[in-house]
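Build out the structure end to end from the sequences listed, making use of the hints.
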Amino acid sequence: MVNPVQRLGAASLRFVEELGRLTRFAGRIGAALLQRPLRFGRFVDELFKLGVLSLIIICLCGTAVGAVIGLQGYNTLIRFGAANSLGAVVGLSLIRELGPVLTALLVTGRAVSAATAEIGTMVVTEQLDGLRMMSVDPVHYVVTPKALAMIAVMPLLSTLFTLFGIFGGYVIGVRIMGLDAGTYMTSLQDAVDFENDVAGSLLKAVVFGILVGLIATYRGYNTAPTSAGVSSATTSTVVIASVSILVFDYFITALWGV
Amino acid sequence: MRRSSTRDLIVGLFVLAGLAAVAYLSLDVGGVSYTGPKGFLLIAKFDEIGGLKKRAPVVISGVKVGEVADIGLADDYRAKVTFTLDPTLKLPVDTTASIVTSGVLGDRYVSLQPGGDEQLLNPGDQIEFVESAVILERMIGKLIHNADVGGGKPNDSAAQ
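As you go down the protein sequences, you meet chains H and F in turn.
Residues in the first sequence are numbered from 16 upward in steps of one, following the working numbering.
Residues in the second sequence are numbered from 1263 upward in steps of one, following the working numbering.
Treat the hints with care, as some may be off.
Claimed, not checked - The calculated label-pair distances, taken between Cβ atoms and stated as ranges, are:
(1) ARG147/H <-> SER1267/F: 56 to 62 Å
(2) LEU1278/F <-> GLY244/H: 36 to 42 Å
(3) ASP1332/F <-> VAL20/H: 55 to 61 Å
(4) VAL258/H <-> SER1323/F: 20 to 26 Å
The set of hints was computed from the structure by calculation and includes no laboratory data.
Idealized CB from N, CA, C, for every residue including glycine.
Next comes the structure, spelled out in structure tokens:
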């Protein structure tokens, strides 16, 4: 006889416990950062997998999103006779919101899930135990380079996404709809401010990188050692990471107004 | 994992491309005032600046020559606006600064009208001749007020 209130209590406790474990895991990653030797080669490998291999999808999606905002924005703005501020609309929405958020979601789907699956498979095939037997700390050797690469890659990819989006909006607005190229760029440059917009965009990207890196490596590291365990770890990484990206996006915007 | 120098090179290029994108977005689009410290600073005090914002353009005959660097309140409760201008600009001391609006409801910007004096403004000087922003709502309010009160005696309200 478990009554619903009891069940709610148990679920809340489990959530807090999980949060505590996640925080301790973050602490272990932090401690591993100070440890020598620096795993720089592993970090570069992860940058390649997470960053370089995501470039095509980021550029493609950025251009497509920018083009769509250009089209939608143009059709809406023209009703108010304000088509000249298309650059501002495209630029601000990409820089403040869509660039960091969509990049984080895309990278989560494309590369972060793969990282979780990789760590999870290493758990299942007892490779992490093998590392421990050689007295190599798996958090130091496997987890930290991955988490760090996710944090480093996010602002770079997000900025590229934003620039390709601005380019996509330019193609639609200037080449197809016939706005003046100078007007587009001027309204963009006038509207965008470094402290409020660009710095906020970078802040968001870094926060999303930390979130995603932490969740992915934590879920992978704590995979149940079965093949079903790997699949559920990967699924929950994508779900939890996506939801927390959107929730944190709201709070960053609400608290710091970016 | 196999180490390869080609891969390292590709990663290096990726990081450089990312950093270049950040730099472009910050400097060109975001307008970090990289010419800021070298710019020519002038101050003007206005009774009313309307919706003038930082980074609003400063123009002479419609040509952009600088931007609003800072807006603050002066000791005498007037708005103190600081401009950064093109350092090559030579402005006479009787230059007028006015806050104008592009279009009816457009953005505020500052327009400078150089005078004819021989003496030039030095960096950090204050522009003495100013024209404050015109607040449309206040003007309409005054108009309605005048129409109500001074209906019988139009000369009275005009004299105010």
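The hints, checked one at a time:
For the hinted restraint 56 to 62 Å between ARG147/H and SER1267/F, the CB-CB distance of approximately 31 Å leaves it violated. Distance hint for LEU1278/F and GLY244/H: a CB-CB separation of about 39 Å, consistent with the stated range 36 to 42 Å. Here the CB-CB span from ASP1332/F to VAL20/H is close to 57 Å, well matched to the stated 55 to 61 Å. One distance hint, 20 to 26 Å for the beta-carbon pair VAL258/H and SER1323/F, is violated here, with the actual separation near 55 Å.
The structure fails hints 1, 4 (numbered hints given earlier, in ascending order).
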